[in-house]
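Participant: Spelled out from the first residue to the last, the chains are:
There are 2 protein chains.
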Amino acid sequence: MGLPFEIGAASDAGGRRGVLHLPHGAVQTPVFMPVGTAATVKAVPQETLEQIGADGAGAEMILANTYHLTLRPGHELIRRMGGVHRFMSWNRPMLTDSGGFQVFSLAKLRKVTDEGVEFRSHLDGSKYFFSPEHSMEIQIALGADVMMAFDECVETPATWERTRDSMSLTHAWARRSKQYFEAHREEVPWAEKFEGKTQSLFGIVQGGMFPDLRRESAERLVEMGFDGYAIGGLAVGEPPDVTREMIARTLEFLPRDKPRYVMGVGYPDQIAEYARMGVDMMDCVLPTRAARHGLLFRKAEPGERQADEEQIGEESIGENWTGETSVIRMNIKRVEYAEDQRPIDPACGCMVCKRYTRAYLRHLFMAREPLGATLNSIHNLAFYLDIMERVRATLAAESRLSGEQAAAWLRDSRDSGDELDQAVRDPWA
Amino acid sequence: MGLPFEIGAASDAGGRRGVLHLPHGAVQTPVFMPVGTAATVKAVPQETLEQIGADGAGAEMILANTYHLTLRPGHELIRRMGGVHRFMSWNRPMLTDSGGFQVFSLAKLRKVTDEGVEFRSHLDGSKYFFSPEHSMEIQIALGADVMMAFDECVETPATWERTRDSMSLTHAWARRSKQYFEAHREEVPWAEKFEGKTQSLFGIVQGGMFPDLRRESAERLVEMGFDGYAIGGLAVGEPPDVTREMIARTLEFLPRDKPRYVMGVGYPDQIAEYARMGVDMMDCVLPTRAARHGLLFRKAEPGERQADEEQIGEESIGENWTGETSVIRMNIKRVEYAEDQRPIDPACGCMVCKRYTRAYLRHLFMAREPLGATLNSIHNLAFYLDIMERVRATLAAESRLSGEQAAAWLRDSRDSGDELDQAVRDPWA
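Protein sequences, first through last, are from chains A and B. Mind the numbering: the first sequence is residues 7 to 435 in our numbering, read in order. Mind the numbering: the second sequence is residues 7 to 435 in our numbering, read in order.
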């Protein structure tokens, strides 16, 4: 029994308008998932998250981080509280990552063996061990609707050989993840609540910046058979056109009838572009992290250019990767906003733009008032969710495939990658 | 033309159920005003503040701090933005303090002369000068519905002589405040919006811990004639029974037909008690400051005792001053709450208690998640507002004075203090 995923329409470019049916509800795809690292989307109350965005539909699905929740408050505590949905009072779909990326980016003194990864907590230095089986056990205890196979993330840049070896380890871990999950999936804390429904498990395609390895990784994972497929190890410092190329070259080898998820992306223009290419799910800390640093997204006015290059912490936010400027990044601390009575984005219908001025948001940021982080986060999330809403509307409208045609197109998805690639480029070919 | 203040009912103990009619709306009294120091009630969005509390009525009136807003973003900026209501998008009544207390508690290198106070900002050391005229000018620029005469706050403990001299300075400053206000009240930024309505000015009774000085201060201010009277210089470290005694001994000499406001109080039991004694308005940072330190108020269960003594920053929160324990202070960081699936207060109907568990709130606090401060603040404010709602209901129900009787009782309020005192003890005497 697979994860029910309906695709109602698809565009020439491969973008798909779909609905993912998960135990905690239906999710309209393509979907952007706000990140709730520690069982909270930072600074945003759950009741607000349920209403965010111009249409008031709120975030339909969020992500929580396995690594963070294992360290604090601990997955066994969350299991006893009924799972992370009940713990945080979020009754809509949720996804947990595998913990792999955080182990590689946050933890100290990592030691990787075929068995798993030993590391020390970035919080207090205490020792942990994650294996594929541990990651599954933790994610079952957390009880998100979608969980991710445990993977290794290779450093960037890495050689072809190093990337291939890491990918092979990821494949072995994916197989062990699937075995453990299939033997234990009934242990999810809410098993009795949704009769017959349990969690879904996605595999993660690795392969670094090498198209041949991406293809090999996709093919191996598809052979194993997962409920959905993620593309991992991107947006880790490589140029944006490489990210885009890797996504395109991986999508070719993933089945059309399963959800495809690109992890940890991206800027507003990027998430729209990836969705149009056929990505169904994305998540990123960018809207909330940028918000806490006073960086707010808004639509560009006709002919407007991005005035400056901004920093978020140590990350540079450079020019828009497409070279176009449809989205402006406002640094709310700039003095030009001190008496600006306009909303962040006059074209935005979010609760922040309906009520508060740039002048007030600048004051909150300069005075380090916690309300600043909250309002900035609400706007940036609304901006992201609204982009996805527009992309979904466009995909539905542009589609030349619908109803039976889309079903036939999906049935073709077990074709070889090359044929698929051709079909995606021109679905009538 | 005075400030319209209707008193509908009064209890034997002097407590009054009233309505204060201000330019930005009507306020049910006795009222507790959450503190919005820097034009934000810390960590709580305005839309939430409008709905907080079991009855969904929200905070009817809030306070903003003149000292903080003068330093950042500056009162001239706020004037240009249309006043603090419009600046922060709060369309209900608001009060600004005089800046006096903050100058004495926060600022550096104060130098007090008859003319005013020179001091340096606690933010960046830059030099400021506040006189009664400056305080009025600033408060008119901010444009709160109620503004406060500029006062000096004496240190605690202080001798009778030192307290009398300081009180005399406060009286001279009150007179100058009133003169400036009467000459400039039409300059409020929203003067055109509410035809004919302008701000109100309250005098502040000082006199330290000396009943004779409190009486003298009340009498001098009443001679000058203000729209309402505040009792200042309390809750500055003296024992709670002294605070209560000073309030009682001051209320005796304040006219019954004007609002009476005790500044900067108090614990939940205290605000209920003061309201029953005849105080109409109170404000305090305690519910929000305690919330940010993880201290949550809830009703005691029958026979329950406060288990421990908690600290908020450097302030000790000792045993309930009444000796009774009707309110429990929970320190949410305690391990006993780690898996406690109950709401903070099972008897509370606030949005936090309806949705979130102690276990989740403890996790947010331990993980230093900003949502913790927000949810804790919402609950504590709801707890305070609900107390005042119950006190108002009790005052209305208990009253033996209503309608014409209350009106007659109010007309007596120009009697001498002693007679007033007698009348308050037994209004039928």
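Mixed in with the good hints, there may be bad ones.
The list treats identical chains as interchangeable, and a pair is accepted whether it falls inside one copy or across any two copies.
Calculated cross-link-like contacts (lysine-lysine; reagent style BS3-like; alpha-carbon spacing at most 27 Å) [stated by the list, open to error]:
1. Lys339 / Lys48
2. Lys117 / Lys339
3. Lys305 / Lys184
4. Lys339 / Lys360
5. Lys360 / Lys48
6. Lys133 / Lys339
7. Lys199 / Lys360
8. Lys199 / Lys339
9. Lys203 / Lys305
10. Lys117 / Lys305
11. Lys48 / Lys117
12. Lys339 / Lys184
13. Lys114 / Lys203
14. Lys199 / Lys305
15. Lys48 / Lys203
16. Lys305 / Lys48
17. Lys133 / Lys360
18. Lys305 / Lys114
19. Lys305 / Lys360
Source of the hints: derived by calculation from the structure; they are not laboratory data.
Participant: Tell me the hint numbers this structure goes against, listed in increasing order.
Facilitator: Of the numbered hints, 2, 3, 8, 9, 10, 11, 12, 13, 14, 15, 17, 18 do not hold.
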